[in-house]
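**Student:** This is what each chain is made of:
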Amino acid sequence: MMDIILLTSRTLKYYLRNPVETIPGIAISVFFLLVYNAGLSDVSKLPGFTGSYLAFILPVSIISAAINGAGLAGQSLVRDIQTGYYTKLLLSPAKRLAIIWGAMLAGAIVLIIEAILILGLALAMGLTSKTGLAGYGVIILLTFIWGMAFSGFSVFVALKTRSANATQASTFVFFPLIFLSATFVPKAFITSHWLKVAATYNPTTYAFDAMRSVLMVGWQTKPLLLGFGILLAFATVTGVLSLVQANRSTRLG
Amino acid sequence: MQNSDRSIHVNSITKAFSDFVVLKGVSLDVGSGTIFGFLGPNGAGKSTLIKILTTILAPTTGTATIAGLDLATRSSEVRQRIGVALQDVGLDPVMRARELLELQGRLYRLSAQDARQRSEELLAKVGLLDVDPKKTAGNFSGGMKRRLDLALALVHRPEILFLDEPTTGLDPVSRVQIWEEVRRLNREEGMTIFLTTQYLEEADKLADQVAIIHEGTIVASGTPTALKATMGSEVVTIAFEDSTTAASATALLQALVDSAKTVGHETICYVSNATARLPDMLRVLDKSKIAVKNVMLSQPSLDDVFLKATGARLAVDAKSATETVTTQQ
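Line by line, the protein sequences give chains A and B.
All the letters of the first sequence, read from the start, carry residue numbers 0 to 252 under numbering that gives the first Met the number 0.
All the letters of the second sequence, read from the start, carry residue numbers 0 to 328 under numbering that gives the first Met the number 0.
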């Protein structure tokens with residue numbers, strides 16, 4: 000446990016010294032929030048749409064920030080592998096889990112800070128929540144779990160390939176994950192059959208649904224259970240994969 | 000601590016990377032509290048063996064015990080007992096020396112305060128106390144990086160220290176500092192030190208025991224003195240204009256000396272009682288109208304041991320460094 004704290008704060012210190020690395024994530028999210036809200040907000044006037052479009056699009060903006068935060072975890076491990084520091088950590092008594100989680104948690108913390116900034120911006124733009132302050136807490140928590148899930152994936156790719164380029168490239172799953180879902184309009188509005196199917200199997204859909212439900216409807220059991228359940232399962236799968244890969248790479252070559 | 004087993008026993012270790020066999024059955028024993036020099040040219044398998052012995056690489060076959068612990072089954076205990084400084088220093092370039100040392104200390108379960116204290120101690124020991132505390136490791140010179148990496152390897156007071164080519168690429172002054180520290184650790188803290196090197200003089204000066212590896216096989220081992228004594232003779236090196244001349248000279252001299260070899264444009268003769276026989280040797284060459292460019296008489300070095308065992312020279316020059324050391328002693 001101590002090791003996780005030590006290694007997480009080490010990575011966080013890195014971001015404090017290189018804040019530039021965290022900028023793309025927040026920039027993309029702010030861009031999404033502003034542009035989609037400006038361009039598509041009339042969707043909310045369509046019959047069958049209730050609530051504000053701002054609340055509807057906010058989760059998309061926050062989840063895309065999560066991609067960047069999660070990609071950071073893989074990048075920081077690749078950096079450690081390239082500098083040889085990863086080998087030093089493997090030689091220390093620190094648990095493999097702590098070494099990976101150090102990178103993942105630091106990425107997730109960056110992500111939470113980004114999510115809070117985006118929420119602040121949305122509030123300034125007039126965002127309201129049907130569940131009050133607690134609703135924002137739920138959004139942050141879901142973002143965190145989603146971030147850890149995606150971090151697990153990027154760490155797995157980093158350990159498997161040991162290549163910065165491959166790890167960077169892996170963040171392109173971002174596109175199907177974000178856009179093959181009820182991204183811009185509610186699922187009921189999607190007419191294409193294949194997109195509907197894709198959205199059903201995309202874990203991001205359930206993150207969007209859960210976040211939107213607390214903002215636009217109120218406390219509802221089903222979207223929250225599905226949201227947390229599916230995201231936790233997703234995070235467990237990628238977490239286990241990355242840990243298995245880390246244990247395998249304990250003995251390099 | 001003083002009585003604990005600090006030995007290393009390696010038993011027929013092989014390592015193959017797909018088709019390429021790097022280690023072809025290496026066995027060696029390193030006694031508690033000794034300095035062991037593992038000598039060989041680039042690509043001979045030195046780093047591979049060190050990675051295996053420090054638990055970061057699994058051998059293809061063979062076994063080893065470190066501090067009495069079986070490498071295959073008790074690797075995490077092994078890691079607690081050993082300190083490792085690999086050839087590629089493992090420093091996070093954006094961290095400062097103290098941050099790296101303190102984090103390392105904490106990972107080895109020191110309290111925050113002890114870790115801080117130990118960092119200062121070690122910085123002083125490796126001569127980095129005066130470095131700007133805000134300077135990150137990435138901005139250190141090569142020698143400073145090596146010294147910091149060595150300090151990191153010592154944080155948890157290991158009983159056995161592995162150093163993979165600790166002085167390769169260093170300037171003579173940094174090299175001497177590392178040598179002094181290695182000697183001190185061995186003498187004062189009773190640490191067993193396993194070091195690889197491609198510098199003959201380094202092994203000769205530092206090590207109690209030496210093993211010479213060539214293409215994955217140990218070709219000679221023993222104390223430096225004993226190894227040189229096996230040569231049983233002095234070395235006469237005669238230089239000629241070109242290698243063909245050298246080859247014919249070698250053929251002519253063969254009968255007069257214990258053994259002779261052509262290396263490049265030189266003939267290397269191992270001769271007992273060389274001073275008495277040298278005039279005869281030169282007369283023979285003169286008679287055959289072979290012009291001698293230069294003659295050198297020397298005591299056998301580990302390089303000669305290497306040459307005799309492998310037929311090749313370990314062509315690395317560490318002379319500038321050794322001269323500095325010799326004057327200091």
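In short, the hints are calculated from the structure, not lab data.
Any given hint could be a false lead.
Have a look at the derived ranges for each label pair, beta carbon to beta carbon [said to hold, decoys possible]:
1) A:P23 to B:G137: 20 to 26 Å
2) B:D4 to A:V236: 40 to 46 Å
3) B:E240 to A:Q81: 48 to 54 Å
4) A:S162 to B:R183: 54 to 60 Å
5) B:D113 to A:G131: 43 to 49 Å
Below, simulated DSSO-like cross-link-like pairs (lysine-lysine); rule was C-alpha separation at most 27 Å, straight line [to be verified]:
6) A:K12 to B:K292
7) B:K144 to A:K12
8) B:K227 to A:K94
9) A:K12 to B:K133
Computed from a predicted model, the values in this text were never measured in an experiment.
All C-beta atoms, glycine included, are put in the ideal place defined by N, C-alpha and C.
**Student:** Hint by hint, which ones does this structure get wrong, listed from lowest number up?
**Tutor:** The structure conflicts with hints 4, 6 and 8, although it agrees with all the remaining ones.
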